[in-house]
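Number of protein chains: 2
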Amino acid sequence: MNTKRVGARTVILKDPPSILSYANIGGKLEGKGPMAQCFDELSEDSFFGEKTWEKGESAMQQRVVEHALSKANLTPEDLDFIFAGDLLNQCIGSSFGLRDFNIPFYGLYGACSTMGESLSLAAMAIDGGFASKAAAVTSSHFCTAERQYRMPVPYGNQRTPTAQWTATAAGCCILGREGQGPFVTHITCGKIVDKGVCDVNNMGAAMAPAAYDTLSAFFKDTKTVPSDYDLILTGDLGELGHSIVQDFFAKDGVNMKKNYLDCGMLLYDLEKQDMHAGASGCGCSASLLCGYLLPGLRAGKWRRIVLAPTGALLSPTSSFQGESIPGICHAVCISSEK
Amino acid sequence: MNTKRVGARTVILKDPPSILSYANIGGKLEGKGPMAQCFDELSEDSFFGEKTWEKGESAMQQRVVEHALSKANLTPEDLDFIFAGDLLNQCIGSSFGLRDFNIPFYGLYGACSTMGESLSLAAMAIDGGFASKAAAVTSSHFCTAERQYRMPVPYGNQRTPTAQWTATAAGCCILGREGQGPFVTHITCGKIVDKGVCDVNNMGAAMAPAAYDTLSAFFKDTKTVPSDYDLILTGDLGELGHSIVQDFFAKDGVNMKKNYLDCGMLLYDLEKQDMHAGASGCGCSASLLCGYLLPGLRAGKWRRIVLAPTGALLSPTSSFQGESIPGICHAVCISSEK
Chain A
153 MNTKRVGART
163 VILKDPPSIL
173 SYANIGGKLE
183 GKGPMAQCFD
193 ELSEDSFFGE
203 KTWEKGESAM
213 QQRVVEHALS
223 KANLTPEDLD
233 FIFAGDLLNQ
243 CIGSSFGLRD
253 FNIPFYGLYG
263 ACSTMGESLS
273 LAAMAIDGGF
283 ASKAAAVTSS
293 HFCTAERQYR
303 MPVPYGNQRT
313 PTAQWTATAA
323 GCCILGREGQ
333 GPFVTHITCG
343 KIVDKGVCDV
353 NNMGAAMAPA
363 AYDTLSAFFK
373 DTKTVPSDYD
383 LILTGDLGEL
393 GHSIVQDFFA
403 KDGVNMKKNY
413 LDCGMLLYDL
423 EKQDMHAGAS
433 GCGCSASLLC
443 GYLLPGLRAG
453 KWRRIVLAPT
463 GALLSPTSSF
473 QGESIPGICH
483 AVCISSEK
Chain B
153 MNTKRVGART
163 VILKDPPSIL
173 SYANIGGKLE
183 GKGPMAQCFD
193 ELSEDSFFGE
203 KTWEKGESAM
213 QQRVVEHALS
223 KANLTPEDLD
233 FIFAGDLLNQ
243 CIGSSFGLRD
253 FNIPFYGLYG
263 ACSTMGESLS
273 LAAMAIDGGF
283 ASKAAAVTSS
293 HFCTAERQYR
303 MPVPYGNQRT
313 PTAQWTATAA
323 GCCILGREGQ
333 GPFVTHITCG
343 KIVDKGVCDV
353 NNMGAAMAPA
363 AYDTLSAFFK
373 DTKTVPSDYD
383 LILTGDLGEL
393 GHSIVQDFFA
403 KDGVNMKKNY
413 LDCGMLLYDL
423 EKQDMHAGAS
433 GCGCSASLLC
443 GYLLPGLRAG
453 KWRRIVLAPT
463 GALLSPTSSF
473 QGESIPGICH
483 AVCISSEK
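If you read the protein sequences in the order shown, they are chains A and B.
Quick note on my numbering: the first sequence kicks off at 153 and runs consecutively.
Quick note on my numbering: the second sequence kicks off at 153 and runs consecutively.
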C-alpha cells in the first residue's frame, strides 16, 4: 500500500526533491566561531536593526528567506508552501518574520528539531505532487531564548557545565521538483521519547534517547549502517548528548565513532568561546545545514549524509510542574545524487 | 506539473483520504451548551483528573486519541503519523499528551487554525503515499489559555463585548487511505494576513481578513460558489468576525448569508451562557468537526462542507511590543462522497 515507505517508519522519496537554494544568517558569536565563513550574513547587532530581540529574530527569518529566494532567482510567488517554526511562544519568530511574503504557510513546532521537520514536510509536499517549490525555515536567538526559558540576559546567571548556548542563527532551504541537487531521499519521522530526564540545564541528555531512537529506526528501515554515509549529524545534543548517542549505539554493537558529529559541537569553538557543552537552538542545525552541509555536498566533499535535528519538547511551565523533558528527532537523508 | 493542485493555492486530493474515526471531549461549560449531545466525553472536572490545568489539557489530548482509536478498532501502531498542536507555549498540550503513544509525531503551531492544518497535512501525507493512516489532533483549555494570554482565572477580570471564550475541548480525526468517508477532497493552505488590528480582545476582527482570503482563494480555485456547499464554517471568529466575513464577501457580490456559520457561534448559547462574541480556541472547531460535522455528514444531513479553522498568530510578547495580530485560516473541503 505505502509504496513510498521502507520499513516501519521511513519515507522514501520516489522522485527525490532537489534543494534549489539555501541561505543562513548568524549573530556576533557565530561570526567569531569556526563556521564564520559559512554564513551568508553575520550581524554584529543582536537586534538585527529592530527594537527588540523578538523582532530581531523575525527580521532574521525574513532576511534568510530573502537571501534564499534571491540566490535561486525566485520570488515569493514561486513558492507553493513555506514550512516554518521557532522556539518562541506561539512561534512569533515565524509568523511575524514571514507575514509580508504572502506565501501559503504551515506553522510548525518541533523545538530545535524544526529544520528536520520543515525539510521533511516540504520534501513530502513536493514528492506527493502538492507543490512545485516549497521552503523550510527556522531560527533561534540567544537573547529571546534566554529570557523565555531561563533568565533575562542582563541578570548574568551562572551556567552549569552541561548547559548549551542557543545559537543566534536562521536557515532557509528552498526545495523544488526539478534541480541539480542535493536531493532529499529519505525521511524518518521522530517519536516523542521521554526517559525521565528533568535537568533543564542538560538538554543533551534529554534529547539523546530520541536521536538514538530515530537514527536506529532509519538504519533498520533502510538496511544501512553508519559507514554507508559520509557524515551523520545530530542537531544540538552538544558534547554530552553526542557521547550518550555513541554509547547507546555501542551497546548495539554499532560503531558511531568514525563519522558521527553533532552540529552543537561545530558551530562554536567550545573552549575558546566558553560554550560549555555546545550550541543549541533551531538555528544551530539549520544554519550549519545551509552554510556547511549543503555547500559541502555540492562541492563533492560528501556524497550522502544524514541530518537528524533534535528537539526538547519542554516549556518552563512543564518543568515548574515537575515534568520530565520529552525529546524528538527528525532525520533526513540528503544525497548529492538521486 | 502539479497534478494535485487547482488554481493558485488549492490542493485537490486525487484519491481523497477517508475519515475513519473521530472523537471529541469537552469540559463543564461545553456540556451546558447546545452541543452537549455531540461530545464523546464531558468532564465536570476542569483538571481532567490531573493536578494542573496544563496537565489536564494533555490528558484531554491523550483521551481523545484513545477514543478515536477505540472507535476505529485501531491501536497506536496502526498510525503512521500524528499531526498535533495546541495553544500552549511550546505546544506542551500535545507533546505531553501524546508522548506515551509512540506514534511518529509532527508538531504544529497554527493557533486556533490547528485542526485545519493538521487535517490538511494528514490528508496530504496519505494521498501522497507516505502514510496509510494518520491522525489529526488538537485541544484548547479555557484556564490554561486565560492565564497564558490574559489574566489568571481567579483574578476574575472583566471581559469586553468582543471577547471570546476559549473552549475547553479537544478533537481527533483518524484518516485512512481506504474507508467509507467522509472524505477530504480539497485543501487551501492559509497565508498570514495582518490588517493591523491590535485589540487582543477582538480576535474575530483580527482573523476575519484571513478567513476571507482563504475562502475566496478556495472558491476561485475550485470555480465554485458558496451555494455549491451545504455548509461553510469558519473556526472561531465569533459573532463579530462572522459578520465581517459576510461583509467582505458582500462587497464582492457574493452572498454568504444562506449557509455560512462560525463554530464560535455554535458551541455555546451565547446569551444564556454569557459568552460575549462566542467561543474560540483550537478545541472549538476541532470538537465541532468531530462531534457535529462529521456525524452530520455520515448521517446525510450534509453532503459537502467547507471547514475553515482560523487562528490568531500573536503572543502576549508580540502585543506588549506593540505588534498587530496576524491571522491565518486553513480550509478543508469534506464530502460524504469521493
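Treat the hints loosely; a few may be bogus.
Since copy identity is lost for identical chains, a pair holds within one copy or between any two.
Stated by the list, open to error - Below, a list of computed lysine to any residue pairs in the SDA-like style, where the Cα atoms sit at most 20 Å apart:
| id | residue 1 | residue 2 |
| --- | --- | --- |
| 1 | Lys156 | Glu330 |
| 2 | Lys166 | Lys490 |
| 3 | Lys156 | Ser284 |
| 4 | Lys203 | Glu229 |
| 5 | Lys180 | Glu298 |
| 6 | Lys424 | Glu391 |
| 7 | Lys156 | Lys166 |
If you are wondering where the hints come from, they were derived from the structure by calculation, not from laboratory data.
None of the values given here were measured: they were computed from a predicted structure.
**Q.** Homomeric proximity label, Lys180 with Glu298: Cα distance no greater than 20 Å
**A.** For Lys180 and Glu298, only the intra-copy Cα distance (16 Å) is at most 20 Å; the inter-copy one is 38 Å.
Q: Give the relationship of Lys203 and Glu229 under a CA distance limit of 20 Å: within one copy only, between copies only, both, or neither.
A: neither (29 Å within a copy, 48 Å between copies)
(Q) I want to check one pair: Lys156 and Ser284. Are their C-alpha atoms no more than 20 Å apart within a copy, between two copies, both, or neither? (A) Result: close both inside a copy and across copies, 18 Å intra and 10 Å inter.
**Q.** Within, between, both or neither: Lys424, Glu391 at alpha-carbon 20 Å
**A.** Intra 15 Å, inter 59 Å, cutoff 20 Å: intra-copy only.
(Q) At most 20 Å between alpha carbons: which applies to Lys166 and Lys490, within, between, both or neither? (A) Within one copy only: 9 Å inside, 26 Å across.
Q) Is the C-alpha distance from Lys156 to Glu330 at most 20 Å within one copy, between copies, in both cases, or in neither? A) Intra 19 Å, inter 17 Å, cutoff 20 Å: intra and inter.
Q | Within, between, both or neither, where Lys156 and Lys166 count as close if Cα-Cα is 20 Å or less | A | both (7 Å within a copy, 16 Å between copies)
In the structure shown, a violation is registered for the earlier hint numbered 4 alone.
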